[in-house]
Each structure stands twice: as structure tokens, then as C-alpha cells.
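Engineer: Listed below are the residues making up each chain.
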Amino acid sequence: DTGVSQDPRHKITKRGQNVTFRCDPISEHNRLYWYRQTLGQGPEFLTYFQNEAQLEKSRLLSDRFSAERPKGSFSTLEIQRTEQGDSAMYLCASSLAQGQPQHFGDGTRLSIL
Amino acid sequence: QKEVEQDPGPLSVPEGAIVSLNCTYSNSAFQYFMWYRQYSRKGPELLMYTYSSGNKEDGRFTAQVDKSSKYISLFIRDSQPSDSATYLCAMNSGVYQKVTFGTGTKLQVIP
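Chains A and B, in that order, are what the protein sequence lines are.
Residue 92 in our numbering sits at position 92 of the first sequence; the count goes up by one each step and never skips.
Residue 63 in our numbering sits at position 63 of the second sequence; the count goes up by one each step and never skips.
Treat the hints with care, as some may be off.
List time: in silico PhoX-like cross-link candidates among lysine-lysine, alpha-carbon distance up to 25 Å [as the list claims (entries may be wrong)]:
1. Lys98/B x Lys71/A
2. Lys106/B x Lys42/B
3. Lys57/A x Lys2/B
4. Lys57/A x Lys98/B
Pair ranges (Cβ atoms, derived) [as the list claims (entries may be wrong)]:
5. Asp78/B x Ser27/A: 33 to 39 Å
6. Ser27/A x Ser12/B: 38 to 44 Å
7. Gly16/A x Asp58/B: 46 to 52 Å
Stretch-level coverage of chain B by chain A, calculated; a stretch enters the list once three of its residues show a Cβ under 8 Å from a Cβ in chain A [stated by the list, open to error]:
8. 41-55
9. 101-107
For the record, the hints were derived by calculation from the structure and aren't laboratory data.
Each residue gets a CB set at the ideal place from its N, CA and C atoms; glycine is no exception.
Can you make the complete structure from the sequences, with help from the hints?
Structural biologist: Structure, rendered in C-alpha cells:
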């Protein structure tokens, strides 16, 4: 299976620490997305890359959040100075082209102690 | 008011029943409509993807879109215990890339 892969699956950290998550999209997909999902809610859009260019960012993406996709393949999402409210599932998705559906990975679950 | 409204349930049905799941939306710019299934501690899995109004069928699943009423539905025929999951409706405009999701409806199919 060559679906969207996310690492780690679960991250536990203390408040104030920095964390980084990785996403490997489906190999031929040039579009990559990050979402955040909290308990009992649907995923909320964070940001979108087409190849290496970050083209859309949500207002949810505060200054403490940064995402990169340096070579247009895998992507990283970093959260600096984590806060309790950052506890959530961070989901990555990819799609082939405009008008094509997004396919999701199984997410990274972040727990802030 | 949220752009996409979805009853969170839970919805409990006996095995073999027909399940009807629904969402309403307010943004008339939405053109693409999706249904995802999400099992506990897993990512959303695409079930149905439609563009424009009308019906689309795939096995036991039928998706309906009524743009004039801003209403979409997913029907599951001959429901199975393995269908027990949270079902998320989702949509986007095709202009911006973000997908807007409903809150999800939790479905339990009882054997």
C-alpha cells in the first residue's frame, strides 16, 4: 500500500517544547495538505502546498506553527512552544491535481502534558 | 453559523438496515462534495466524491447532492457491523484548496 504516511503516530510532550511531524504523500501527488482534528470535530484546514510552494494558510496557523515541503516531496509541520490547546490529531492529505479528491494519512496524535 | 452542519448522532441501527446520513451547507460556492469514513484513531477514508447535483452509486453506497437546497446525503444499504464508524461530509469550492468538513455522524450497526 502506498498511501499517505505520517510519522510519528503519537507524540507526547511537555508544554513549551517544540515538536515536528513528518508526512510522506502518495508518490505521484504534487498537492499536500495539513489539517487538525480535535475530539468530536471534523478536520480543520491548516495549510496547502503545491510542489514546494505553500499557497494557502489558515488563520488557525499561528506564528508558532510552520510547515515546509523543501523538495516538493515529503512535508514537515513544526509547532514551537507547544500549548495545551495544541493537543489534537494532525492529519496530512495529498491529491493528484485540481478537482481531484484528497486522500488522508492516519495522522499524528499530539498530547501535551 | 457553521458553513457545514451535520448531526453528530450517535445513530444506532440494526444490521441490514438502510442508513441515511445528511449534511446542509450555506456556502453556494461549494462545487465538490465528499463523504469520508473514519474509524477510531485512523484517518478519514474517502468513500464518495461527486461534482454537481444528482446521484452517484458505488456498491452499497449512494451519494446525493441537491445544490438548490444546499443538502447532501449518503445512503448505506444492507448495513453491516463493519460500517460502524464516524461519517464525515466534506466539500470545497475548487477555487481554494481547503476542504470544509462537517462534525461527523457516529454510526453504530448492531448485529
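Engineer: Determine which of the earlier numbered hints do not hold for this structure and return their numbers in increasing order.
Structural biologist: none
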